Amino acid sequence: MPKFYRKIQGVGLPPGMLAPVTDDHKTRITLFDYNETTLLEKELNSVEESFDYKDTRTISWINIDGRDLKTIQDINTHFDVHPLVLEDIVNQGQRAKLEDYGSYLFFVLNMIRLDEDNGDIDSEQVGLVLGEHFVLSFQEKEGDVFDPVRKRLRDGKGRIRKMDSDYLAYALIDAIVDHYFIILEQIGGKIDQLEEELLEALEPDMPIRIHQLKSQIIYLRKQIWPLREVLSTFQRLESRLVKKATLVFLQDVYDHAIQVNDTIEALRDTLSGLRDIYLSNTSNRMNEIMKVLTIFAAIFIPLTFMAGIYGMNFEHMPELKWKYGYFFFLGILAIVGLGMLYFFKKRKWL
Amino acid sequence: MPKFYRKIQGVGLPPGMLAPVTDDHKTRITLFDYNETTLLEKELNSVEESFDYKDTRTISWINIDGRDLKTIQDINTHFDVHPLVLEDIVNQGQRAKLEDYGSYLFFVLNMIRLDEDNGDIDSEQVGLVLGEHFVLSFQEKEGDVFDPVRKRLRDGKGRIRKMDSDYLAYALIDAIVDHYFIILEQIGGKIDQLEEELLEALEPDMPIRIHQLKSQIIYLRKQIWPLREVLSTFQRLESRLVKKATLVFLQDVYDHAIQVNDTIEALRDTLSGLRDIYLSNTSNRMNEIMKVLTIFAAIFIPLTFMAGIYGMNFEHMPELKWKYGYFFFLGILAIVGLGMLYFFKKRKWL
Amino acid sequence: MPKFYRKIQGVGLPPGMLAPVTDDHKTRITLFDYNETTLLEKELNSVEESFDYKDTRTISWINIDGRDLKTIQDINTHFDVHPLVLEDIVNQGQRAKLEDYGSYLFFVLNMIRLDEDNGDIDSEQVGLVLGEHFVLSFQEKEGDVFDPVRKRLRDGKGRIRKMDSDYLAYALIDAIVDHYFIILEQIGGKIDQLEEELLEALEPDMPIRIHQLKSQIIYLRKQIWPLREVLSTFQRLESRLVKKATLVFLQDVYDHAIQVNDTIEALRDTLSGLRDIYLSNTSNRMNEIMKVLTIFAAIFIPLTFMAGIYGMNFEHMPELKWKYGYFFFLGILAIVGLGMLYFFKKRKWL
Amino acid sequence: MPKFYRKIQGVGLPPGMLAPVTDDHKTRITLFDYNETTLLEKELNSVEESFDYKDTRTISWINIDGRDLKTIQDINTHFDVHPLVLEDIVNQGQRAKLEDYGSYLFFVLNMIRLDEDNGDIDSEQVGLVLGEHFVLSFQEKEGDVFDPVRKRLRDGKGRIRKMDSDYLAYALIDAIVDHYFIILEQIGGKIDQLEEELLEALEPDMPIRIHQLKSQIIYLRKQIWPLREVLSTFQRLESRLVKKATLVFLQDVYDHAIQVNDTIEALRDTLSGLRDIYLSNTSNRMNEIMKVLTIFAAIFIPLTFMAGIYGMNFEHMPELKWKYGYFFFLGILAIVGLGMLYFFKKRKWL
Amino acid sequence: MPKFYRKIQGVGLPPGMLAPVTDDHKTRITLFDYNETTLLEKELNSVEESFDYKDTRTISWINIDGRDLKTIQDINTHFDVHPLVLEDIVNQGQRAKLEDYGSYLFFVLNMIRLDEDNGDIDSEQVGLVLGEHFVLSFQEKEGDVFDPVRKRLRDGKGRIRKMDSDYLAYALIDAIVDHYFIILEQIGGKIDQLEEELLEALEPDMPIRIHQLKSQIIYLRKQIWPLREVLSTFQRLESRLVKKATLVFLQDVYDHAIQVNDTIEALRDTLSGLRDIYLSNTSNRMNEIMKVLTIFAAIFIPLTFMAGIYGMNFEHMPELKWKYGYFFFLGILAIVGLGMLYFFKKRKWL
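Protein chains in written order, with the working numbering: chain A, 14 to 363; chain B, 14 to 363; chain C, 14 to 363; chain D, 14 to 363; chain E, 14 to 363.
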């Protein structure tokens, strides 16, 4: 289950100091440099190789997987980025935000992915620096949701190769938001399955499954709220970096974020509904059990008592000596028993 | 039950690409071309036939059922519509929205209908393009809620034939909102029925019925919220396409949307109330069952014990030899039994 | 119980068309024509009689009970009222609203009354047209909450005869809002009674009574919200029809509406509290029942078992032959029984 | 418990008419007339005595306990107060409000006190008229929360004697708000006590006590909300009656009102928590009871059955004739009984 | 558990009077006086020693632990601070706030710490006065969360020694907010542990533990809300005391406060989820118990009854004399018993 309370890294450190990076993922740098007609894609061995692409008029997307401090610092220095941006890139676990530094915009985003092994939700912070002709993206580790963007860059279809760096940033953010739908669809599928199971049987692990799905939804909601603000700010930003042609796309991804939010609320309500059904069904189950018990007890306890009477050893019990006493008694038992059955039938317990 | 989590189509595709349209409904194009005195209604065999009506001063309503890409593209090209509009028309499952493209307005709306077979709610996206003298409407498949509008056009009564294209757009939106009332009335009827049944008996399927009605209501609420925004924007839009005479009608349909929303909230509260009653009644039922069990057990268990005493085979049990021991004993049993009854009577269990 | 989901009449009709009026209440027209010194009160046989009073400088209040289309149309034509106002008057079931048509204001209000027979809440739409020297009021049927206003007009005490038509409109709205307090007091009284009963006993119909009261409160809340908006708009309206001297009274009735709203919220909370108490008490009751059962069972079941032992017919059971075996056994029974009682005493079950 | 639904007095009366004052408290008028150096405190026999103090430059605080109409009217006439103010003073049960009449401000406040006898909350309306050199305060009956203010006036310490009439009004309002803290502390103390009791035992009256405390808190919240608005308006009022030096004190009392509100919300949450604990504990209790019953039943019912077997009178039951049949049987009983105990031990029921 | 309802000290006192300080902590004054190159850290014996540092251009941080009135007054007088600030410093238990007095800013903050002994949350009010070249901090008692700030001052690394007094104030506030994360992590850890335990067993103290954690979270939320406002105001303040270079850091700490708030909401939801699981599990547990009871009762009660039949002493009971009657009877018992088992197996109770 996602841990809500994990503090962001670097808390307690002096601002400007960087949290020690403990994970030993090797840093991996990839470059896409393109315009409408050309595309260069390569993996860089060292940071320095990327510097040449900064000042060309082609759009450069430099993606850094890993948090090798030296690499990040080098890039930032060369691309003339504020030290606070560096800190925000290195210190994981932050809220999505957008900061306008004039010559570039800085985004903190949270990329959500499903852990294929255990179905858990995994969040990874992505830092984006959007400059005039370049986009820097900083990820914690390899593996991301940007493959559709890479494919579109390689294919050269659609608008992406014709447009500016702000469209590339949009495309990356859009890929992150789109992934929410995939995750919501998976969670929604699990909720549907739970709903169907709930109509059939009552398993004791259901409350926990409901709780786990709810936790995931709460986690997503916690992520989507600041993202909405970022997208709303991005649209309204009066920056020369945001071209007019991109605005309509920003509105589009903003609409998607709203829709994610709507869906999250609806799923929450559905889960509450399932919990209510579970509780009701548990109560119904209990009623059923108690009915069975009560019917058995109410029929046989009086009969047993009556049999007990004639099992007594009093010397003077005239009935015992009657010739048909036993059969007469059996008849009474049958009448009492059937009477009880009729009583419960009338109460609709049977 | 409505599936909240279905992602909108086209997610994951590059913006500008269209989702592959898998449904093989044949595209059907119908035209209404009218002014106050004349009315032309015909079904068009091909898109091209509609182009002549664009530039006439009569109002043209061109309705396209189906998502045959070629047809939609042709229309859009001829009517000079932005490619993004085309995408929004083809990609189903979006939130209601209104976009002002200057020379025309583009609406995405969600038409809600009841599936007559299973009582489920069915949502279908409708795209509207409102131009100076024409309205284009794009639907996913045949069948819609616009028949009252068509009838008014044919009859020529009321205002509709005298007014501009914005009034036609209003009339279509109004028909969609009006349909909410019909659906709410149906849901309301089911809730009433459930309420009545709940006063009489306690069926185990009631929590599920409550849950299903609640899901439908949540679904409607999810649809009406963005629609309210669209209507509010429509009213406040400073566009030459929205005539002053239409504003009062826009206010009217906006008021209806608000009223739909109020009703949805009230129905939600009612359903919560029913769930509470169900839970209370289940508890009461359990209490009743337990009372029956307890009364039987508390009366007969002591009596059985007493009979058990005199069923023992001790050699020296003086009572057994008393002449009226048995009858004396029966008397004691009667006293104990009646005493217990009195005890439960006093506790108001009987 | 109020039906929340009833659609407003006229939905589905072309705007401008009137819903067929099915109720056959005869239309009844009454006139109050007054200034500070004179008062004319009469019942009019036909609409035409009212026309003379329109242009006099005295204030005219023309009240129409019933929805005879012809009458309403005649009045509206003569008083030069927009056709949409006519529609709103005839189509019942609308949300409260205020529309400024320049030379007159149009109000839709909902008058709430208690049905004396079954204690249900009954809502009736009232249309008000406030002109320079006249107020038209349109009601669905006879019987209203305006008698205090009529009495004040007749008595000539207070301000009402000295002030303008806007004050008369205020007085009518005030009468409607005041009636909310009366209804809330009745509902509050029922809640109090329920609360007292709840402290004494646990009736199975209580959840339903709670639910019914809650439904009424939700219904009132649904009515008071739009009314608040109307009153707020009325105050802030920059219309020559609203005199400065009236503003302080409008603030007053607005304050009352706020207070109604506060009270409704508080009553809702109280009802939720009662439901909680009911549930708790049901659980406590169950605990009590189970305790009784358990005590009986736990005491007598072991005793019965012991008696059963000595009811066996083994040939070699030495205890059976002991002289005081029986009495010794009875002693053991007593000890076990008292031991159980002590055990339950210590657990505070007794 | 506080009655939320009591309508304000005077509802249904023509505005400008006064509700008949039924309580026969004698009206009592007290005067404080002071400046930095002098202080006159006296009880006035009649209204007229107070008129001399109006036009002096000393600050006059005239407090009227009781609602003797004549007295109030005389004062109002002489102090030139609007008739609507008079109405608001006489008609009890209103929401807190602040009205600016230019030459004076009029406050309606609600003074909350604890009824020492039964611990109930008692609300009394206080009307304040703040003029250039005077403050009039109107109370329903004797006894108030203003004694600390009186003491400060008499002592002459602190700022109060040096400042203007607006500071006196502030001091009176501050005394009212301060009293909320005292009441919240008392309620908080009761909640603490309930919490402690809840950890020890489960009394059936607890849900009712929780409900009563919640009702009091809801009542306080209903009072503090409008008071916050009054204080916020008071601060932002651009009136020559509110001196700049007083503003910082107004901010202070506003902060206190916010804090009262925060505390109310926290106490509400705490009470909800207690209710949850109560429900959980009731369920646990039930589980405990059921376990005891089940253990007894599950152990002794099979044993009793076995004893019943050998209590049968079949002629051919070989075991009965075995020499050690009885002891062998007792051994089996012991094994079965201990087996059941082990079974329940393993299930952690014991 | 934190006491929400404790009134702030000094309530009921005349404004300007100070609450009597009852705790006898000795006042302790420490000084940091620094610029980029020099650092003086010393403990002061008396207030007067600090006065020299006020007018130097170095930044002075004077921290006062304890509420010795004389000391505080002396400092305030010398540093020319408004008497109301003095009151706010001495009167504990206030809401966080920020007041702009022109030449200095005054903050009231609440420092939250965990009591290491009992895991309770402890809140201590901190007053900050931010002047041109100095920061005064007033604490109730020794021990605070400012050690990381002190360490950074001593080390001289990072920005702190290079920046102005506003940065020092920021650093102190940041330390307070950072501590929230630590506390949330601890609470989060406890919630995780509870969650794990809940999956394994059902302890009766769990509702109370959930309640206590919830109380702590509510308490934190009550603290973080006003702090957010303070930070938001601090950022937007147009004061020459807030340098442009510091703004980005203020945004940062504001973001942290938002994140604290998000985390608090998520933890609240998680706790509600745990409570739901607990309730569901309790119900499941009950169902299990009842099943065991019912199975035992339903199997053995009929069997016992049948044995009781043949334990009767009727003289004419033919079956008793059959040679294989006993064994035949045992066979019937086995069939009935196994039939019951099959019945419960089919119902999935076993």
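Because the hints were derived from the structure by calculation, they are not lab data.
Some clues are possibly wrong.
Given that identical chains are not distinguished, each listed pair holds provided it fits within a single copy or across any two copies.
[Unchecked claim] Below, a list of computed lysine-lysine pairs in the PhoX-like style, where the Cα atoms sit at most 25 angstroms apart:
1) K175 <-> K359
2) K164 <-> K361
3) K361 <-> K83
4) K336 <-> K170
5) K55 <-> K257
6) K110 <-> K256
7) K256 <-> K334
8) K170 <-> K83
9) K361 <-> K304
Note that the structure is a prediction, hence the values are computed from the model and not measured.
So, going through the hints one by one against the coordinates:
no.	hint	result
1	K175 <-> K359	neither (79 angstroms within a copy, 68 angstroms between copies)
2	K164 <-> K361	neither (66 angstroms within a copy, 53 angstroms between copies)
3	K361 <-> K83	neither (78 angstroms within a copy, 58 angstroms between copies)
4	K336 <-> K170	neither (104 angstroms within a copy, 97 angstroms between copies)
5	K55 <-> K257	neither (31 angstroms within a copy, 41 angstroms between copies)
6	K110 <-> K256	both (20 angstroms within a copy, 23 angstroms between copies)
7	K256 <-> K334	neither (110 angstroms within a copy, 106 angstroms between copies)
8	K170 <-> K83	between (36 angstroms within a copy, 19 angstroms between copies)
9	K361 <-> K304	both (10 angstroms within a copy, 16 angstroms between copies)
The earlier numbered hints that this structure contradicts are 1, 2, 3, 4, 5, 7.
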